[in-house]
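*Asks:* Protein sequences appear in the order of chains A and B. According to the numbering used here, the first sequence is numbered sequentially starting from 1. According to the numbering used here, the second sequence is numbered sequentially starting from 1001.
Warning: the hint list may mix true and false statements.
With a straight-line Cα cutoff of 35 Å, these simulated DSBU-like cross-link-like pairs (lysine-lysine) come out [stated by the list, open to error]:
no.: 1; chain 1: A; residue 1: Lys-267; chain 2: B; residue 2: Lys-1066
no.: 2; chain 1: B; residue 1: Lys-1056; chain 2: A; residue 2: Lys-242
no.: 3; chain 1: B; residue 1: Lys-1349; chain 2: A; residue 2: Lys-242
no.: 4; chain 1: A; residue 1: Lys-203; chain 2: B; residue 2: Lys-1237
no.: 5; chain 1: A; residue 1: Lys-175; chain 2: B; residue 2: Lys-1056
no.: 6; chain 1: A; residue 1: Lys-349; chain 2: A; residue 2: Lys-208
no.: 7; chain 1: A; residue 1: Lys-175; chain 2: B; residue 2: Lys-1237
no.: 8; chain 1: A; residue 1: Lys-349; chain 2: A; residue 2: Lys-330
no.: 9; chain 1: B; residue 1: Lys-1056; chain 2: A; residue 2: Lys-267
no.: 10; chain 1: A; residue 1: Lys-330; chain 2: A; residue 2: Lys-175
no.: 11; chain 1: A; residue 1: Lys-138; chain 2: A; residue 2: Lys-349
no.: 12; chain 1: A; residue 1: Lys-138; chain 2: A; residue 2: Lys-51
no.: 13; chain 1: A; residue 1: Lys-175; chain 2: A; residue 2: Lys-267
no.: 14; chain 1: B; residue 1: Lys-1066; chain 2: A; residue 2: Lys-349
no.: 15; chain 1: B; residue 1: Lys-1349; chain 2: A; residue 2: Lys-208
The hints are simulated quantities; they were obtained by calculation from the structure and are not laboratory data.
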Amino acid sequence: MFSKRKTTTALLLGASSVALVACGTTVSSSTSTTAASTATTQAAASGGSIKTGLKVVVIPKVIGNSYFTTADSVQSGGALAALQSLGETGSETSGTAATPSSQLPVIQSAITQGANALVISATDPTALCPTLNQAMAKGITVVTYDSDAPTCRNLFVNQASTSQIGTSEVDLLAKQINSTGDIAIVSATASATNQNAWIGYMKQELTKYPNMHLVSIVYGNDDPATATAVTQGLLQQYPNLKGIISPTTVGIAAAAALLDTPQYRGKIALTGLATPNEMKKYVADGTVTSFELWNPANLGYLAGYAAAELASKAITNTPGQTFTAGKLGKYTIASDHSILLGAPYVFDKTNINNFNF
Amino acid sequence: MTLIEQNSQSNPSNSGSSVELVPSGASKFTSLVFRAREFGIFGILFIFVLLTTAIKPRFLAGQNIKFILIDTTIFALLALGETMVVVSKNVDLSIGSILGLSAFVSSNLYQQFHHVSIVFVFAVGIGIGLVLGVVNGVLIAFGRVPSLVVTLASLYIFRGLDVLIVGGRQVVASSLPSNFLSVTSASFGAIPIISIVVAIVVFGGAYYLKNYRSGRDLYAIGSSEQAAGLVGIPIAKRVFTAFAISGAIAGLAGVIWASYYGTIDSTAGTGYEFTVVTAVVVGGVAIFGGSGSAIGAAIGALLLNTINSSLYVLGVSAFWDQAISGLLLILAIALDRGIGLYLAKSLRKRSSRVAS
């Protein structure tokens, strides 16, 4: 009798935990289909119009990250806002860790639920491919944004050209350290597509600065504790370090918190990609001089818009095709089936307080 | 613990025993062996520090010591709560999620209200931890559900709550006042003040576990729950208290985490439970309950963080860090098993000598 009760309680508890896990990992914010699609049919080279009521699932790398929330949410004017304005049913969902194993089940469930299009930031360039190919085989439009999976999507919405980000960050740091000294990179995960592409261009740009030496690249895995630990390691390993580039919001926030002491402030320059709110304290107290980012809300908006265009067959992903993405204006599909949002934006103490995200 | 089981088997009349009831000569002997166990961890720690310093002398620079200590502080604190739970043959896997929830909600007070007292922020963090710990404790001690199941479930539930509450928001350093950030940045020479405070708390906790009746009861419960019940130990009450305290400690650790990292979103503390359980086991606390000390667990945390730091300072791939942690875990368990078997054998020899 007793043991029976014990089992029941355990089962109940198990079930409730599963239910709550589901809540925890898939925070969805659905938008209604009420919005009219009148103003938005000005269109594409192929001349088709955008269908309404399409089910579009937006899958960031991880849920609960402020960058992706800005890129996706209705309030900030991101992907879901674009979909709402077009009269589509958009929802945002992802796993609680930025790993393929956490993202894959989410993609699979989106396919099962009969999505018309996926807007996804890939946690890995290849690991997601079998599932994404399966989606495309079922006629689902796959648009990647932020981080690409080049071999298994219809279109990639590129936040800023890879080369521009790589080169401009090196230029930004060079200005701060007088183009001289040892520098290091605090990246996200060793397998992140966008990170590695940017780092490639950083190395190329560094050849223009003979007195700047890239001594190390470390990986903080987009986890504050790991990013802090690897940055601590850098500071000990290279006592003459003059500058750090961290092209990831988690990495730069961890590095900034670490450098925010009299010992390092102003002596080791830090730049990279960050949201203005994360850096406000550090820009104000002089730990960080300048950093850059694109507008994540515009990135999401463009990705959402492109997904609706493609899923409606209003455009195809043929290079050279053009379409107008609502408030953002006209875009042309490049030869690698991608579209480019624009140049990165530099934040410093003169403009940082004009932004709130 | 193997030792106690074997011992109570050989002395059926002492079936209610914890270590206290072992004859005093043997008690001295066993405590010597277990002290040797803690020295063993120190030995490994020493070797690592020595090797790393030989290659990179800066490893022992004040700044790096500060880094290691402050990282260790959070884990050593969590390890204290975990030790209380593990010696009673339970496990608390929800501490990382409790830390995350406490870190966000407490530090977010600064964004919501102006002029919040730092004492209030700490009280809220500890309070959240206590409430969540009580939820665990009620289900485990009074609902009679195995702690592995309950805390595995609450690991997800509490993290889910965290994600629901936080959404995509984050607390940023610019919203935190300097007196809050200086909780972790203030230091006495190379030693952060918070590390000294936590060291005192850990020593206090270890003393309580070792010398107070209610603390000793946890060991007895971990050795043999049945026997502990027979001698009248209030098992449910003690286990409940252990989980409530473990939760409160995780809540406190969350506030410290927020002060240290300054940027807090819903992922704070993800996966910490595994590092803490590793630290506890490496630190000589038997995973099947009944033996080990909070100080050992804190040294275990120090060892893991030192290895972590030394690998980064040496520029060795982070993969090795995880591999070495795993290796240490296996070593620790093998060592425990070995010591257990050895002690049982020598105790049997002694008691037979006494009998004849």
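*Asks:* Please go over all the hints and tell whether each is borne out by the structure.
*Replies:* Outcome of the hint check:
{"no.": "1", "hint": "Lys-267/A to Lys-1066/B", "result": "holds, 19 Å"}
{"no.": "2", "hint": "Lys-1056/B to Lys-242/A", "result": "holds, 19 Å"}
{"no.": "3", "hint": "Lys-1349/B to Lys-242/A", "result": "violated, 65 Å"}
{"no.": "4", "hint": "Lys-203/A to Lys-1237/B", "result": "violated, 62 Å"}
{"no.": "5", "hint": "Lys-175/A to Lys-1056/B", "result": "holds, 31 Å"}
{"no.": "6", "hint": "Lys-349/A to Lys-208/A", "result": "holds, 27 Å"}
{"no.": "7", "hint": "Lys-175/A to Lys-1237/B", "result": "violated, 64 Å"}
{"no.": "8", "hint": "Lys-349/A to Lys-330/A", "result": "holds, 32 Å"}
{"no.": "9", "hint": "Lys-1056/B to Lys-267/A", "result": "holds, 22 Å"}
{"no.": "10", "hint": "Lys-330/A to Lys-175/A", "result": "holds, 34 Å"}
{"no.": "11", "hint": "Lys-138/A to Lys-349/A", "result": "violated, 49 Å"}
{"no.": "12", "hint": "Lys-138/A to Lys-51/A", "result": "holds, 18 Å"}
{"no.": "13", "hint": "Lys-175/A to Lys-267/A", "result": "holds, 14 Å"}
{"no.": "14", "hint": "Lys-1066/B to Lys-349/A", "result": "holds, 30 Å"}
{"no.": "15", "hint": "Lys-1349/B to Lys-208/A", "result": "violated, 77 Å"}
Hint violations for this structure: numbers 3, 4, 7, 11 and 15, all remaining hints satisfied.
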